[in-house]
Amino acid sequence: MKVVITFCVILTSFSLASAQSPEQELEALGIELFTPPKPIANYVKAVRTGNLVFLAGHGPGKADGTNIKGRLGDDLTIEQGYEAARVAAIAMLSSLKAEIGDLGKVTRIVKVTGMVNSTPDFYDQPKVINGCSDLLVEIFGEKGKHARAAVGMASLPSNIAVEIEMIVEVIP
Amino acid sequence: MKVVITFCVILTSFSLASAQSPEQELEALGIELFTPPKPIANYVKAVRTGNLVFLAGHGPGKADGTNIKGRLGDDLTIEQGYEAARVAAIAMLSSLKAEIGDLGKVTRIVKVTGMVNSTPDFYDQPKVINGCSDLLVEIFGEKGKHARAAVGMASLPSNIAVEIEMIVEVIP
Amino acid sequence: MKVVITFCVILTSFSLASAQSPEQELEALGIELFTPPKPIANYVKAVRTGNLVFLAGHGPGKADGTNIKGRLGDDLTIEQGYEAARVAAIAMLSSLKAEIGDLGKVTRIVKVTGMVNSTPDFYDQPKVINGCSDLLVEIFGEKGKHARAAVGMASLPSNIAVEIEMIVEVIP
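Chains as they are written, first to last, in this note's numbering: chain A, 387 to 558; chain B, 387 to 558; chain C, 387 to 558.
Any given hint might turn out to be false.
The list cannot tell twin chains apart, which means a pair is met if one copy fits it or any two copies do.
DSS-like mimics (lysine-lysine), calculated; alpha carbons at most 30 Å apart, straight line [stated by the list, open to error]: (1) 491 / 513; (2) 448 / 491; (3) 491 / 455; (4) 455 / 424.
Just so you know, the hints here were simulated from the structure itself, not pulled from any lab data.
Please model the entire structure based on the sequences and the hints provided.
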């Protein structure tokens, strides 16, 4: 009996050790979320309806207010695009945390739409949007695996490199 | 007792005065909704699932069947684009009213995706889509504030200036 | 009494005859669904949340792994684009069946977003995406009628002709 209990305690510890909170995962990666800037128009960064949160299209905006700009296939490499998509994911997670308070409430990243500022002959949108997808899975594990679209846009606001939106399922 | 009742009546009147129905707000703005033209293909203008209504992509089509056409950055100014987005919003509200009967059932505009017919060097999609966002907030107040994406498209059907879709939460 | 029962049996038979299952409709059209290839990145082909299934953006990928490539307005005709949209619909139905097991569980195709690889002067995206919409209505009848957007993209991954995503309502 004692052995069984001890074994269970050990199992639970392992399980806890491997299941850090999203906030702890972010900290381990050295990523700091920030207070999202208020939109300067009649829209908001996130709307919750039932147990879904719809995030606005987010650019690769950093905490200091700067953005990663440029077009893939022209003035940005795939690696720079990947980094831009990762920065956009951090911006989305910042808006999501501002909306729901605790990223531990996320039960599933449902859908990501990754829109890449592209020349007509740039065909590697998936490699760019992986910068967002990879971070989501680093933070949320299996819950972070989402349905995705990755497509090329003629142009984006202020010539930002990517604009990404997502739909997230949270606990009721 | 009489004083309390009178006070309540006054309060209620104020509250009613400041909370006009969406239909009254539209009338005050001189906007007339219209019967949406039937799509000529195997799709519809709106689908309700649970308490969400998904609107099809709507162009800037007017009651008389004409459309605002042209590309931003080339043959249309930002002001003309703003007007096109406002006209697309009126078309969407027409389809929404046809679907749910009474715009007073709207509890939240959840998401707007604003797709702007753009040259590669046009970067002001948000200023264009404000034409839709501003009208939604004029009509629905705080309930009209939505998550939004505003992006540049290589081309749109019949060379229309914008195509906008939205997701709306309605009472169950 | 006997007459009534017989009449009911006849009615039921007629009703069954005209309401084939989606799988039977597919077979009648000579369409075979296939096991969708595993995405090679941190995303999945479909995510279910509540009674909605969000499908990833699907290209015109066939069972043999090949894709229909090219740009509308340049190296593909509208007919070829229509065929590409139909192939993308088959790919989506394959992913949907893999997710929910039985297409008879579909209660409504809610939304289709059809993104067409387009030159700036190609304006017939709706005629292309009809290839998807027509098949959905062939398979699901009235339940297959969806809200839709059809738009022109600057470029798509691997230069595929179309990328289409959809949202489907299924039985709880």
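Contradicted hints - numbers only: Hint 3 contradicted; others consistent.
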